[in-house]
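Residue numbers (my numbering), protein chains in the order written: chain A, 1 to 476; chain B, 1 to 447.
Incorrect hints may appear among the rest.
[Unchecked claim] When the alpha-carbon atoms are kept at most 25 angstroms apart in a straight line, the in silico DSS-like pairs for lysine-lysine are as follows: (1) B/K260 <-> B/K60; (2) B/K184 <-> A/K451; (3) B/K60 <-> B/K267; (4) A/K271 <-> A/K54; (5) B/K324 <-> A/K54; (6) A/K451 <-> A/K214; (7) A/K379 <-> B/K226; (8) A/K89 <-> A/K11; (9) B/K324 <-> A/K271; (10) B/K324 <-> A/K379; (11) A/K338 <-> A/K103; (12) B/K130 <-> B/K184; (13) A/K54 <-> B/K184; (14) B/K328 <-> B/K267; (15) A/K54 <-> B/K260; (16) A/K214 <-> A/K338; (17) B/K267 <-> B/K226; (18) B/K260 <-> B/K184; (19) B/K184 <-> B/K226; (20) B/K130 <-> A/K451; (21) A/K338 <-> A/K271; (22) B/K328 <-> A/K54; (23) B/K60 <-> B/K324; (24) B/K328 <-> A/K271; (25) A/K89 <-> A/K103.
Worth flagging that the hints you see were computed from the coordinates, not collected in a lab.
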Amino acid sequence: MRVWESFFGQKFGITERDLERYLGEALSSGGDYADLYFEYLLTSSISMDESIIKGATQGVSVGVGVRVVAGERTGYAYSDDLSSERILKAARVASCIAGGPSKVESFGLEPVSIHDLYRVIPAPAEMDLAERAALVVRADRAARAYDSRVFQVQVSYADSLRYVMVASSDHAVSFDRQPMARMNVAVLAREAEGSPQRGYLGGGGRVSLDFFLKDRTPEYFAREAARQAIVQLDAVPAPAGETVVVLGPGWPGILLHEAVGHGLEADFNRKGVSAFSNRIGQQVASSLCTVVDDGAIANRRGSLNVDDEGVATHRTVLIENGVLRGYLQDKLSSRLLKMPVTGNGRRESYQHIPMPRMTNTFMLAGESDPGEIVRSVPKGVYCVNFGGGQVDITSGNFVFSASESYLIEDGQLTRPLRDATLIGNGPEALRYVSMVGNDLKLDEGIGVCGKEGQSVPVGVGIPTIKIDRMTVGGTA
Amino acid sequence: MSCQELARDIVRRALEAGATDAECTISEGDEFSASVRMRELENLKEAGARGAGVRVMVGKRTGSAYTSDLTEAGLRQMVASAIELARITSEDPFAGLPEAEEFGSAGGDLRIFHDDVGELETGFKIEQAKAAESAALEFDPRITTSEGATFDSHIGGRWFANSRGFSGGYRTSSCSLSVIPVAKDGDAMERDYWFSAARSYARLERPEDIGREAARRTLRRLGARKVPTRKVPVVFEPRVARSLIDHLFEAVNGEAIYRKASFLTDKLAERIASGRLTMIDDGTMPGGFGTSPFDDEGVPSRRTVVIEGGVLASYLLNCYTARKLGLKTTGNASRGITGNASVGHGNLYAEPGSQAPEAIIASVRNGFYVTELMGFGVNIVTGDYSRGAVGLWIENGELAYPVHEVTISSTLGEMLRGVEAVGSDLEFRGSTAAPTILIGEMTVSGH
Chain A
1 MRVWESFFGQ KFGITERDLE RYLGEALSSG GDYADLYFEY LLTSSISMDE SIIKGATQGV
61 SVGVGVRVVA GERTGYAYSD DLSSERILKA ARVASCIAGG PSKVESFGLE PVSIHDLYRV
121 IPAPAEMDLA ERAALVVRAD RAARAYDSRV FQVQVSYADS LRYVMVASSD HAVSFDRQPM
181 ARMNVAVLAR EAEGSPQRGY LGGGGRVSLD FFLKDRTPEY FAREAARQAI VQLDAVPAPA
241 GETVVVLGPG WPGILLHEAV GHGLEADFNR KGVSAFSNRI GQQVASSLCT VVDDGAIANR
301 RGSLNVDDEG VATHRTVLIE NGVLRGYLQD KLSSRLLKMP VTGNGRRESY QHIPMPRMTN
361 TFMLAGESDP GEIVRSVPKG VYCVNFGGGQ VDITSGNFVF SASESYLIED GQLTRPLRDA
421 TLIGNGPEAL RYVSMVGNDL KLDEGIGVCG KEGQSVPVGV GIPTIKIDRM TVGGTA
Chain B
1 MSCQELARDI VRRALEAGAT DAECTISEGD EFSASVRMRE LENLKEAGAR GAGVRVMVGK
61 RTGSAYTSDL TEAGLRQMVA SAIELARITS EDPFAGLPEA EEFGSAGGDL RIFHDDVGEL
121 ETGFKIEQAK AAESAALEFD PRITTSEGAT FDSHIGGRWF ANSRGFSGGY RTSSCSLSVI
181 PVAKDGDAME RDYWFSAARS YARLERPEDI GREAARRTLR RLGARKVPTR KVPVVFEPRV
241 ARSLIDHLFE AVNGEAIYRK ASFLTDKLAE RIASGRLTMI DDGTMPGGFG TSPFDDEGVP
301 SRRTVVIEGG VLASYLLNCY TARKLGLKTT GNASRGITGN ASVGHGNLYA EPGSQAPEAI
361 IASVRNGFYV TELMGFGVNI VTGDYSRGAV GLWIENGELA YPVHEVTISS TLGEMLRGVE
421 AVGSDLEFRG STAAPTILIG EMTVSGH
């Protein structure tokens, strides 16, 4: 595709010549590199509460970010107006970071070859609104029908369609059309006299509306959320202190995101402030563990055809058989570290400076039977669902909060447990992994990762694993 | 056309397009950020953006839309989109704008906009960040590196108009300076941070003081250990006590109350906390980050006592949640530029007590002084509380050694009843604040 054929060429009349002029202005005070990130974002959301569709919102946001890099310095400016005057002004503001003689060459922009991971036409955002509204109505009914103890149901559906064009002074231009859709169901249940308990499930990805009609229906999300709330009605306080922890497959992969993922982002390692800094080649996990980040899986929430710096995504091995192999790179860190780019340069929007971020982070399957893993535990905790997590990348300490977990007694799951936070240390926690299941599963597609004030969609995954030692923050 | 006129114009367009009621919000902001690392400039960002949002009622149905494209075509599309969306929503008998007599503006000089923030030169702001980071780096040889120091400033404006005759707007300014030093001792590496934030540059703490405080906080974490699992008194220093106020806000938020999704549902006028705890929401405190002349529905900001001597005195409500609960709005409507209003808070804080923080620590024989909390392990429905914690162990009334990789757990209900002391050290660094708080007993999980 050439620039004039692209979304921005067609809708805003932007030409290759314009992009070259803007990049030229951005490097008018020197600098090593400049890029332009054009974004056009359409969003829709529909929410239901008390069986009433109380709100529906649509919006449009347009803008361009201009970045200039000089050594380790970055200058950034943006405009919510795509007129030449405003973009040139933003380019001049960003250019101030360099403070040297102009570095304008003839550019010439070659389209980058990228993946085709989510050719969703039409995207959910382009479908009839009534069809999308029907999804939340179905979910509400199914959750209420699941059990008479369900008394509150909140359902939301949201989608977006993002058009992106990245042009950079290293002669590359890329185009992407990024659809996204998700549903969330939150349920409260209670016994006649007891206090309420909650259940929650969300999911989606870079999918068509058909995904919610065939693969993961509103009823699926609703029943699962209701089931969790009902299970929690019998929950007892979780144990306090160190114990054996078994993580179920899928969303518990958030452990990897917190324990190792963030600590392997190249910016922290370049600056020497990560607990994983200077540890490539060292054993940081049990030899059963191989962890990868893969932005190139079809239709996944964390996937991208091309990252937000115009680099095609791919699979990066972070830990191989327990040995630390690599970092997640953006252009700036890869240049300063003299390591290859990995397609992990991401940003929340045109208003944000890109940095190394995860895409879909997961552990490869092992050989153990998941049932056998649970049976091997005399006393411990089995965790299936989690809320959020957080890490201090410098000390390596991380937490993640179990929202559905069970006591394991003599190899059997016995009582459901109340919410409890698990805590560990990144470079140590995975050393205690003693069994890895053959049941790798990726999450339902609901993850949002926050870093330095920027949120981006991500995915996680993990097979059932057994961790011989981890601290559980219960009260019992 | 000014933003205020534009807001009224958008309301007019919505009514012409078939809305029976409409409200518009326009927001604009200019942001600046300069960060330095290891005494060199690292990032410089400067830009502005604005957007408009509209919410329409067609009878008892509502639809919303927003746009960053304020051209004729953009506005036309936004209004059409909101009207179209109102057709797919359901009738909600409780939906609607406030009554005309509820609109107004809190009086007095709120001091939320100061010219000095916009007048600061770029070079000066960079020097401030450098000075703060240098003070941290020079404080102790064990401060070996840094994640940098950042000077941020923001100037914003918000304008509202609705079809019941309300029209108003205000501008805000803010600036902040933060430092994140990293300390090393042998193999152990720790980071911490400190910051100052204010609506006027004149109120910002000195860069050197911020840098040194950040360094002190980082150094005191070196050599942290895990402690055995046990039940002990827990002291929350102000920086983390503030998070308890955030959780309490969620629990008294009218949205959680009408859905029965809070452990404080149906507890109005009941004793829910120790008599030492009084919590106030004040949207009119001069210079506050939670201060505004009116809320996002046009109802005047005010002071509301939420917990008085341990008794739950009021929920925090917007018009919708007030109607649902058969109560009056407390002027706590909050919204982005579009969508239905949610509930927010003004300056929400625990009233200070008389004890100095040192005296509170000295009163604990064996306990945990918490300086940082991690994760999201708080369930507002049940009150279950379990979070990762970092801090210092208290032995015989003195801070003895650093502790990490532990969790603290209890329930918010028990924690509220267990408040044994509230310190005199209240200060605001954001829109929520609390002094030092001592809770009689929590479970600390370690090894």
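For each hint, the structure was consulted:
no.: 1; hint: B/K260 <-> B/K60; result: holds (24 angstroms)
no.: 2; hint: B/K184 <-> A/K451; result: holds (23 angstroms)
no.: 3; hint: B/K60 <-> B/K267; result: violated (31 angstroms)
no.: 4; hint: A/K271 <-> A/K54; result: violated (48 angstroms)
no.: 5; hint: B/K324 <-> A/K54; result: holds (13 angstroms)
no.: 6; hint: A/K451 <-> A/K214; result: violated (34 angstroms)
no.: 7; hint: A/K379 <-> B/K226; result: holds (22 angstroms)
no.: 8; hint: A/K89 <-> A/K11; result: holds (21 angstroms)
no.: 9; hint: B/K324 <-> A/K271; result: violated (53 angstroms)
no.: 10; hint: B/K324 <-> A/K379; result: violated (47 angstroms)
no.: 11; hint: A/K338 <-> A/K103; result: holds (22 angstroms)
no.: 12; hint: B/K130 <-> B/K184; result: holds (21 angstroms)
no.: 13; hint: A/K54 <-> B/K184; result: violated (53 angstroms)
no.: 14; hint: B/K328 <-> B/K267; result: holds (17 angstroms)
no.: 15; hint: A/K54 <-> B/K260; result: holds (18 angstroms)
no.: 16; hint: A/K214 <-> A/K338; result: violated (46 angstroms)
no.: 17; hint: B/K267 <-> B/K226; result: violated (38 angstroms)
no.: 18; hint: B/K260 <-> B/K184; result: violated (48 angstroms)
no.: 19; hint: B/K184 <-> B/K226; result: holds (18 angstroms)
no.: 20; hint: B/K130 <-> A/K451; result: holds (23 angstroms)
no.: 21; hint: A/K338 <-> A/K271; result: holds (14 angstroms)
no.: 22; hint: B/K328 <-> A/K54; result: holds (21 angstroms)
no.: 23; hint: B/K60 <-> B/K324; result: holds (15 angstroms)
no.: 24; hint: B/K328 <-> A/K271; result: violated (53 angstroms)
no.: 25; hint: A/K89 <-> A/K103; result: holds (18 angstroms)
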